[in-house]
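Visitor: Read off the chains here:
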Amino acid sequence: MRVTCTVNGTTRTADDVWEGESLLYVLRERLGLPGSKNACEQGECGSCTVYLDGTAVCACLVAAGQAAGRDVRTVEGLAPEGELDPVQQAFLQTGAVQCGFCTPGLIVSVHDLLARVPHPSDPEIREALAGNLCRCTGYEKIMDAVRLAAGSPTEAGTR
Amino acid sequence: MDFMTPSTWADALAIRADRPDALPIAGGTDVMVEMNFHRRRPGVLLDLTRIGDLTTWAMDGELLRIGAGVSYTRIIEELGDRLPGLAMAARTVGSPQIRNRGTLGGNLGSASPAGDGHPPLLAAGAQVELASVRGTRLVPIDGFFTGPKRSVLAPDELIAAVWVRPADGPEQFSKIGTRNAMVIAVSSFSLALHPGRREVGTGIGSAAPTPRRATEAELFAAGQLPWDTLAGLAPDVARRFGELVAAAAAPIDDVRGTAAYRRHALAVLAQRTLTWAWRDLCG
Chain V
0 MRVTCTVNGT TRTADDVWEG ESLLYVLRER LGLPGSKNAC EQGECGSCTV YLDGTAVCAC
60 LVAAGQAAGR DVRTVEGLAP EGELDPVQQA FLQTGAVQCG FCTPGLIVSV HDLLARVPHP
120 SDPEIREALA GNLCRCTGYE KIMDAVRLAA GSPTEAGTR
Chain U
0 MDFMTPSTWA DALAIRADRP DALPIAGGTD VMVEMNFHRR RPGVLLDLTR IGDLTTWAMD
60 GELLRIGAGV SYTRIIEELG DRLPGLAMAA RTVGSPQIRN RGTLGGNLGS ASPAGDGHPP
120 LLAAGAQVEL ASVRGTRLVP IDGFFTGPKR SVLAPDELIA AVWVRPADGP EQFSKIGTRN
180 AMVIAVSSFS LALHPGRREV GTGIGSAAPT PRRATEAELF AAGQLPWDTL AGLAPDVARR
240 FGELVAAAAA PIDDVRGTAA YRRHALAVLA QRTLTWAWRD LCG
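Sequences listed follow chains V and U, in order. So the first sequence is residues 0 to 158, counted in numbering that gives the first Met the number 0. So the second sequence is residues 0 to 282, counted in numbering that gives the first Met the number 0.
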């Protein structure tokens with residue numbers, strides 16, 4: 000089947016989509032957007048987190064057809080080409096990226112958290128990121144990154 | 000496989016009646032796992048996310064009617080004041096991403112013995128609205144589940160909504176697992192106090208082939224709680240309540256825990272939740 004949706008502000012169409020396919024597969028394998036990572040395929044790890052109509056979801060648990068006509072925003076679309084979102088910048092500055100596999104999902108989850116709660120407490124950060132697994136166990140650096148992003152003076156202007 | 004996306008409830012019911020091989024999908028948090036791991040290959044994926052009515056809730060007389068497509072996140076944010084027990088359970092579901100997509104109707108449709116939404120619905124005496132082209136029926140929640148991942152849902156029926164009376168007293172929910180997030184309950188328990196009619200509601204999760212009430216424990220607590228004086232909860236009443244809840248379970252040994260551990264945990268959960276709820280009531 001054919002699936003058309005808005006991805007990072009652009010109308011995109013994927014053909015020959017299998018009816019049981021996930022949005023994650025469409026993004027990675029059909030639309031050339033490999034930022035969202037494929038790990039557990041069961042919603043455990045959060046590495047495929049994207050926005051669907053403004054809500055953070057696991058792309059592996061969205062059927063491709065459910066995304067038709069909807070607005071999808073991936074980690075590739077958080078900042079204009081060649082620029083970094085303040086959350087991405089904070090991850091770099093604090094060394095919160097180790098192997099990097101979990102990073103795109105965490106970036107989207109943190110982006111979502113700070114949009115809802117601009118100045119989260121540590122328990123709020125931990126709760127918000129409970130569905131994103133990092134197996135390098137760089138969680139403390141990730142906490143640092145969120146705190147930095149939350150305090151970043153550039154944050155208010157860009158989010 | 001076909002992918003069908005009805006935009007009205009009537010169309011969805013017609014497809015369901017026509018295609019017994021259809022698998023309804025809403026939030027996808029269960030269905031897509033089965034698809035991704037090649038466990039299910041239905042003839043039709045019947046997408047229910049375009050049916051607006053399913054994602055609404057409203058008071059109807061004295062009861063709340065919660066559309067089957069309302070997400071856990073919305074239950075927490077919009078219904079936490081009216082259904083505190085259900086909202087507490089919803090907060091323990093998965094992660095933010097899962098709560099954003101997972102629905103109460105999907106929880107019932109999967110009918111897992113470990114479904115987090117089930118114990119509070121049992122404790123609150125909810126009813127499940129099932130619909131088909133033949134008509135609509137209301138099933139009391141304690142008659143909905145028939146076995147592990149099985150329910151009275153007929154092959155041509157869809158889950159439309161849950162009907163439940165807003166809390167008229169303290170409600171509590173507690174769950175045992177290896178961490179706070181992303182956990183399938185080892186055991187869970189929900190309690191509702193109804194001081195107006197001096198009744199107690201219970202719901203046991205993950206400790207029997209189906210979610211179930213602990214009826215003897217309910218009657219015992221209703222008869223023993225000092226409703227008139229609102230005196231402190233007697234330790235022997237709390238202990239006996241826990242014993243009766245544990246006795247109502249029929250747990251098994253599995254990868255998440257042993258039957259003995261589940262019974263023990265349930266007795267503890269029951270005592271704690273009764274203690275918390277009674278304290279809430281007495282102020």
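Incorrect hints may have been included.
[Said to hold, decoys possible] Computed spacing ranges between beta-carbons, pair by pair: (1) U:Tyr260 to V:Cys135: 41 to 47 Å; (2) U:Gly134 to V:Cys98: 51 to 57 Å; (3) U:Ala230 to V:Gly99: 55 to 61 Å; (4) V:His118 to U:Pro234: 40 to 46 Å; (5) V:Lys140 to U:Gly60: 52 to 58 Å; (6) U:Met0 to V:Pro33: 24 to 30 Å; (7) U:Ala258 to V:Val116: 38 to 44 Å.
Calculated directly from the structure, the hints in this document are not laboratory data. Note that CB positions come from ideal geometry on N, CA and C, so glycine has one too.
Visitor: Sort out which numbered hints this structure fails and list those numbers smallest first.
Guide: Failing hint: just 1.
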